[in-house]
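2 protein chains.
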Amino acid sequence: MKLIFVTGNRNKLREARQILKGHDISGMKVELPELQGKPIDIAKRKAAMAAEIVGETCFVEDTALSFDALSGMPGPYIKDFEQAIGVEKLPRLLDGFSDKKASAIVTIGYCEPGKAPKVFQGVVRGKIVEARGISNFGWDPIFQPAGKRKTFAEMPAEEKNRISHRKKAFEKFNSFLER
Amino acid sequence: MKLIFVTGNRNKLREARQILKGHDISGMKVELPELQGKPIDIAKRKAAMAAEIVGETCFVEDTALSFDALSGMPGPYIKDFEQAIGVEKLPRLLDGFSDKKASAIVTIGYCEPGKAPKVFQGVVRGKIVEARGISNFGWDPIFQPAGKRKTFAEMPAEEKNRISHRKKAFEKFNSFLER
Chain A
271 MKLIFVTGNR NKLREARQIL KGHDISGMKV ELPELQGKPI DIAKRKAAMA
321 AEIVGETCFV EDTALSFDAL SGMPGPYIKD FEQAIGVEKL PRLLDGFSDK
371 KASAIVTIGY CEPGKAPKVF QGVVRGKIVE ARGISNFGWD PIFQPAGKRK
421 TFAEMPAEEK NRISHRKKAF EKFNSFLER
Chain B
271 MKLIFVTGNR NKLREARQIL KGHDISGMKV ELPELQGKPI DIAKRKAAMA
321 AEIVGETCFV EDTALSFDAL SGMPGPYIKD FEQAIGVEKL PRLLDGFSDK
371 KASAIVTIGY CEPGKAPKVF QGVVRGKIVE ARGISNFGWD PIFQPAGKRK
421 TFAEMPAEEK NRISHRKKAF EKFNSFLER
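These protein sequence lines are chains A and B, in that order. Just so we're aligned, residue 271 is where the first sequence starts under this note's numbering, counting upward by one. Just so we're aligned, residue 271 is where the second sequence starts under this note's numbering, counting upward by one.
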């Protein structure tokens, strides 16, 4: 199946190709607005916009980091928070809350032109900790998956990719494509 | 001058008409996406989208509450935060920070079809306090303007409207329209 992954990120494109074997995945940078809202709604709307603009079957990927104590916030806004105050200060948002649990979420939005979009979500539960490790991905140093002693940023890429929210979402998406 | 205020809120429309005397202001509800980004960029893009959809000169209004300690966050996302955890818990986001200063911001985006959008911003400086007073507007109980002993929610509407960020933005906008 021929699919367009709307992303400007080569690493994400490579990872998608590895998981979605047997499908012809092209990367394309499309100027889509960054939307406010719930991760599922954002992914659906972005996928629908992409399919309309490009005129072919498209998928998009959105990341969120949702704090339980903040009922899901910052969620899709985590990137703006991280850019504003830096990853080291992010845990201080929870200084007033005893519950440090959080979910790392990837939501894939998929849309065939003229059809209703679908979504596939991968979630890893964990907790917010003081920043440890160095990473390319913004908030990896403060997220420690449940049952692990390392943050995402302390894990070798291989180890992280085996259990990541992105991996889970792409596996669900792959199962759908295989059907 | 004939202008369309893109809003579904009758109170905002009435207030706009009071300040923008001598202009013909119609209210119109237009489905615009809620965008992520800086308040000025959001207002510009929404105004441009509205003018394109409606085909007439439009303006939009966006509110933000920006915490100094969080370098401007939650900013335009304050509504989602307030809906997620409730206004009483919002000050706890700053428990880990000694700086409680904040800005209440209204940004008006204005666009004539086919032209570049303009923005007019009203800012009131103040600080985040424990919720006091009751209000129709989400976060009024936790914002105390600098030099005042009351939160926005403790002020009679008249008193708030005399000094508000909305008033300031609309006065700038009015000066522009008068020129």
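Be careful, since some hints might not be right.
When chains are identical, the list treats them as one kind, so a pair holds in a single copy or across two.
[What the hints assert, rightly or not] Pairs of lysine-lysine residues, derived as PhoX-like cross-links and limited to a Cα-Cα distance of at most 25 Å, are as follows:
{"hint": "1", "residue 1": "Lys349", "residue 2": "Lys272"}
{"hint": "2", "residue 1": "Lys299", "residue 2": "Lys437"}
{"hint": "3", "residue 1": "Lys359", "residue 2": "Lys397"}
{"hint": "4", "residue 1": "Lys371", "residue 2": "Lys397"}
{"hint": "5", "residue 1": "Lys299", "residue 2": "Lys420"}
{"hint": "6", "residue 1": "Lys359", "residue 2": "Lys349"}
{"hint": "7", "residue 1": "Lys418", "residue 2": "Lys299"}
{"hint": "8", "residue 1": "Lys371", "residue 2": "Lys349"}
{"hint": "9", "residue 1": "Lys308", "residue 2": "Lys420"}
{"hint": "10", "residue 1": "Lys397", "residue 2": "Lys291"}
{"hint": "11", "residue 1": "Lys308", "residue 2": "Lys418"}
{"hint": "12", "residue 1": "Lys299", "residue 2": "Lys371"}
{"hint": "13", "residue 1": "Lys272", "residue 2": "Lys291"}
{"hint": "14", "residue 1": "Lys418", "residue 2": "Lys438"}
{"hint": "15", "residue 1": "Lys371", "residue 2": "Lys385"}
{"hint": "16", "residue 1": "Lys359", "residue 2": "Lys438"}
{"hint": "17", "residue 1": "Lys442", "residue 2": "Lys385"}
What the hints contain is simulated information worked out from the structure, not anything from laboratory work.
Hints and how they fare:
Taking the closest pair of Cα atoms, Lys349 and Lys272 never come within 25 Å of each other, the shortest separation being 30 Å inside a single copy and 40 Å across copies. Proximity of Lys299 to Lys437 under the C-alpha cut-off of 25 Å is restricted to the intra-copy arrangement: shortest distance 22 Å within a copy versus 41 Å between copies. Taking the shortest Cα distances, Lys359 and Lys397 sit within 25 Å of each other both inside one copy (15 Å) and across copies (20 Å). Only within a single protomer do Lys371 and Lys397 lie at most 25 Å apart by alpha-carbon distance; the minimum there is 4 Å, versus 29 Å between protomers.
Neither within a single protomer nor between protomers do Lys299 and Lys420 lie at most 25 Å apart by alpha-carbon distance, with minima of 33 Å and 49 Å respectively. In the homo-oligomer, the alpha carbons of Lys359 and Lys349 lie at most 25 Å apart both inside one protomer (13 Å) and across protomers (22 Å), since each shortest distance falls under that limit. Taking the shortest Cα distances, Lys418 and Lys299 never come within 25 Å of each other, neither inside one copy (35 Å) nor across copies (49 Å). Taking the shortest alpha-carbon separations for Lys371 and Lys349, both the intra-copy value of 18 Å and the inter-copy value of 23 Å come in at or below 25 Å.
For the identical chains of this complex, Lys308 and Lys420 are neighbours neither inside a copy (28 Å) nor across copies (34 Å), given an alpha-carbon limit of 25 Å. With identical chains, the CA atoms of Lys397 and Lys291 are never at most 25 Å apart, being 32 Å at best within one copy and 54 Å at best between copies. In this assembly of identical chains, Lys308 and Lys418 lie within 25 Å of each other by CA distance neither inside one copy nor across copies; the values are 28 Å within and 36 Å between. Taking the shortest alpha-carbon separations for Lys299 and Lys371, neither the intra-copy value of 34 Å nor the inter-copy value of 39 Å comes in at or below 25 Å.
In this assembly of identical chains, Lys272 and Lys291 lie within 25 Å of each other by CA distance solely inside one copy; the values are 12 Å within and 57 Å between copies. Taking the shortest Cα distances, Lys418 and Lys438 sit within 25 Å of each other inside one copy (17 Å), while across copies they are farther apart (52 Å). For a Cα distance limit of 25 Å, the shortest separation of Lys371 from Lys385 qualifies neither inside one copy, at 37 Å, nor across copies, at 48 Å. Neither within a single protomer nor between protomers do Lys359 and Lys438 lie at most 25 Å apart by alpha-carbon distance, with minima of 28 Å and 33 Å respectively.
Within a single copy, Lys442 and Lys385 get their C-alpha atoms as close as 20 Å, which meets the 25 Å cut-off; across copies the closest is 45 Å, which misses it.
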